[in-house]
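Undergrad: Protein chains in written order, with my numbering: chain A, 1 to 491; chain B, 1 to 497.
Keep in mind that a hint or two might mislead.
Stated by the list, open to error - Far from chain A by the CB rule (all over 10 Å, computed), these chain B residues: (1) Phe131; (2) Thr146; (3) Gly149; (4) Arg158; (5) Gly162; (6) Thr166; (7) Trp178; (8) Trp180; (9) Ser389.
Unchecked claim - To be clear about the criterion: a stretch of chain A counts as covered by chain B if any three or more of its residues have a C-beta under 8 Å from a C-beta of chain B, and this derived list gives those stretches: (10) 10-17; (11) 229-243; (12) 384-390.
Honestly, the hints are just simulated from the structure, not real lab data. Predicted model only: the values in this text are computed from it and were never measured. Every residue gets a Cβ at the ideal spot worked out from N, C-alpha and C, and that includes glycine.
Chain by chain, the residues run as shown.
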Amino acid sequence: MTEHLPALQTVLPLMAAPICVLLRQATLVRIFSVAVAWTCLAIALTLLEMVSTDGPISYALGGWVAPLGIEYRVDLLNAYVLVLVSAIASVVMAFPLEGSELRIPRERHFLFYALLLLCISGLLGITITGDLFNIFVFLEISSLAAYALIGLGTDRRALTAGFSYLVMGTVGGTFILIGTGLVYQMTGTLNIVDLADRLPAVSGTRTVWMSFAFLVVGTSIKLAAFPLHQWLPNAYTYAPSIVTAFLSATATKVAYYVLIRVVFTIFGAAFVFERVGLSNLLLPLSLIAMAVGSLAAIYQTDIKRLLAYSSIAQIGYMTLGLSLANVDGLTGGLVHLFNHGLIKGGLFLVVACALLRVGSPTIEALSGLGRRMPLTMAAFVVGGLSLIGVPGTVGFVSKWFLVLGALDKGLYFVAFIILASSLLAVVYIWRVVEVMYFQSPSHAPVREEAPLSMLIPTWVLIGSTIYFGLDTDLTAGVANRAAQYLLGGGL
Amino acid sequence: MALALCLPLLAAVGILATGRWPNLREGVTILTSLVVFGVVLNLLPGVMSGARPGFTALQVMPGLALAFEIEPLGMLYALVASGLWIPTALYSIGYCRAHGEENQTRFFACFALAIFAALGIAFSRNLFTLFLFYEILTLSTYPLVTHYGNDEARRAGRTYLGILLTTSILFLLLAIIWTWHVSGTLEFSPGGILAGRVEGPLVAVLLALYAFGTGKAALMPFHRWLPAAMVAPTPVSALLHAVAIVKAGVFTILKVIVYVFGIDFLTETGASIWLMYAASFTLLAASVIALTKDNLKARLAYSTISQLAYIVLGAALATATGVFGSGMHIAMHAVGKITLFFCAGAIFVATHKKNVSEMDGLGRTMPFTLTAFFVASMSIIGLPPTGGSWSKWYLALGAAEGHHAIFVGVFMISSLLSIGYLMPLVGRAFFFAPTPSHDAESMSGAGEAPASGFWSSIKEAPVLCVAPLCVTATGCILLFFYAPKVLDLLQTMSLGR
C-alpha cells in the first residue's frame, strides 16, 4: 500500500473533484473535500517521514520505468513542499464558505470545492513529479483552476484580475513549455534526474542557455518575482479571501520550488551560478522586491492589497535565499517558503473573518475592530509580528538563516537590508494595528466575534507560526538537510 | 526558578479571566507579586554560595536554545524587578482607582506580562533567549504606553515602538547573528566568547551595534522614546521606565560586555573607549536637558537617561569595580527613581499638577510625598545616607582604577547637575508660599478625585498611593546599609576567563 502513496497524493484530489460535482449537496461536498484534503496531508506526512529516514523514493507511474514513463520522485525537498501544500489545503477546506465573498449561491458551492481540489491536485502534482513536461501539465491544471477560483470573487474586477492572471500565467506556462522543448531537443529526455546527468555535456550550447532563460523567466512569472509580479496584487485583492489565503500560501511557493528544482537539480549550481551568474541578476532584484514591495504595502488603503504587496516583498526574501547559493541562504529561502505560507494563509483567513463583519476590505473599515473582534484581531497582530520577524515567531527563523547566509558571503549590506526591510513590515503592519485598536468605530463597539468554525482554522495557522518559531525541527531541520542535499553535500 | 518565570505569565491569564471582578483581579496581581518575590528571594542564598541553577526549556535550532540560568547580575535584576513589582502593584491600584482609569484589566495583564519578560531577560542563559524576552518586553509594554488611546498616546506609541524595534532589529539582531557567525555560540560565558574571533576595529563596530542596538538603554541619539513614553499612566512610568524596561537595556549591555566580550578582551583592544565618551556625552547632555524641563515627569525622564548612561559608562570602563558599580547602580537607581515617579504620580492624583513651577508650597499639604521625594533625590544625586552614594562611589572608583580620571570628573559634574534639577522642587515645595490661584485649583482637583483614603487637614493622595512611595523611600535609606550585601552578591560573578 505505502509504495503507491506518491501516486495517491495527486490522484486522490484529482478523482475527488468530479465526485464533488456528482455529490452536489453543499454539506456533503464539504465534508467529503475536507476528508480528501486531510487524507492528502496524512499521505504527505507519511512520505516526509519515509523520505527522511530511507532517502528518496522513486515511483514509476503505471509501471513504466523512468526514462520512458513518468517518474514520481519524492525527496526531502518536495516532501517538505507537499506537507505545506496539503496542510494549507486541509485548513482552508475546513474554513466555512458562509459569508465569504463568493459570487455563486450555496447550492453551487460544489463547484468551488471541485475547483479547489483540482488546484490542489495540480500543485501537488507539480511538486511530486520527476518529469519536466509533467510539471507543465500539472501547472496548467492548477493554473486553470486558479483563474476560475479568482474569478469567483463578488467584486466585478475579480473577472479582469482573473483574466490578466490568465494572460500572464499562460505566457509563463508557455515559456516553461518552450524551455522544456529546448532541453528535450538537446538531451532527448524529460526526466529530471536524467536531465541532470546529460545536461553538463551540452551546457556550453546556446540552446541550453536559452532553455534555462525560458524556464527561469517562466517560473518567475508564476512566482511573481519582481519585476514579473504585475498580476499578483489584483488577483489577490479581488479573489475571495479564502481563495487568496490558499493561493498566496501555496501557488507561489510551488513556483519557488520549481525554480529551485530547475536551478539546483536540473542545471546544477555550478552552471547556474558560475557560468550564467544568476546571482548578479537575482540578488539585486530580490533586494528591490523586498524594498519596493514593502514600500508599496505601506501606501495601500485596502488590507488585501497591502498583504499582496507584502507577499511580493516576502517572495523577494525567498529568491534572495536562492541567489545567495550557500547552505544557510538556501535554508533561509526554503524555511521562508514554509513560514510565509503559514503566515500569509493565516493573515488572509483573518481578513476573511473580518470581512464577515465589516463588508469592505479597506483599512478604514477595520477601525475599532480590535474591540469588536478581539480574538480575530489578536490573530492579525500575531501574524503581523511573524511577518516582521519578532523572535519566537517563524519569521525570525527565516530571517536568521538569510542573514547568516549573507554574512557567510561577506555581504554585510545585504544583511543590513534584510533587517531594514523587516522594519518596513513594522510600518505597514502597525498602520493597520493602530486603526484597529485606536480609531473609534462609526457605531458603538459591540462584541461580534467571528464564529468558532472560522476562528479555529485561522488560529491553527496563526498558532503554527508561533509553534514553528520555537520548534524548528520540521521546518529549519528539513530545509537545512534539503539545502545541503541540493548544494551537493549529500543527504 | 521556572516557577518564578511562569507565575507572572499565569497571573496575566488570571487577570484576564477575573477581569469582571476588580477586587479579585487585583488580588491576583498582589498575590502573584508577593509569591514571585518570595520565590526569587529564595534563590538568592544558592546564587550567593556560587550555585548557577538553570534549565533548558526548548531547543529551537541546533545550538540555539531557549535556556535559563541565574548568575549574580541576573539575580540582582530579577530581585529589583520582582521586588519593586509589589509596591508598584499596590500603587497602581490606588492610582487607577483614584483616577477612574479605563481598561484596567488590560493594564494589569500587560503589567504582569512585562514582569514575565523582565524575569526572562534576567534569567536568560544566552543572547537568543535574552533577545526573545527583550522583544516581548517591548511589545507587552506598548499597550501600557498607549493606554489612554488618544492621539498623543498614539504618537508616543509610534516613537516608542519605532525606536525600540528599529534599534533592536537593525543593530542588536545583526550583532547577535554576527556573533553567532563568528563564534558559533550565543551562550553567556565568563570571560566572553568573542576574544580571538573578532579583530581590530571590528570589535568596536560590533560593540557599537550592541550598545546602540539596545535601544532600551536610551543611549543618545536613541533616547527619544523614553520622554515620549511618559504619556503613559504614572505607575507605568514608575515601574517600566525606572525599573523593568530601562534596566533591561543597561542589563543587556552589562551582560554583553561581561559575558560576550569579556572585560579583559575590551581592555586589551581598547574597543570600548569610544563608548565611554558616548556614554559621558549622554550623561551630561541629558542632565542639562533635564534642567530645562518644567514638566516633572519629563524632567525625571531625562534624569533617567542620564543615570542609565552612568551604568553604560561603568560597564564600558571594563574594570571589575566599574562593573560592580554599574550592577549596584541598577538597584540603587531603580529604587530611587521609582520613588520619584511615585511622588510625581501622587502629586498629580492629589492636585492635578504636572509642572515643577506650580508646585510651590506643596510640602505643606503633602508632607509625606515630598519627604519621600527628598530622600529619593538624595539617592539619585548620590548623597549619604542613601544607597545611591555607594554605587556612585564604586563607579568613580572603577574609572580611577581604569586610569580614566576624566570620567571621575564627569561623574562629579553630573552629580552637581542632578542637584540642580532635583532639589529646586524640594525647595519650592517646602519653603515657597503657595500661590493663591494654585490653592483653588488644588481644591477642585481634590474634589474630582474620588476619595478612597483618608482626608485630614493634609491633602495627600490616597493611602494606596502614599504608602508604597514611603516604603521605597525607606528602601533608599536601607540600601545604604545593605550595600555590602549587594556587593557580596556581585562579587561572586566570574569576570575572568
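Undergrad: Of the hints given before, which are not true for this structure?
TA: 1, 2, 3, 4, 5, 6, 7, 8, 10, 11
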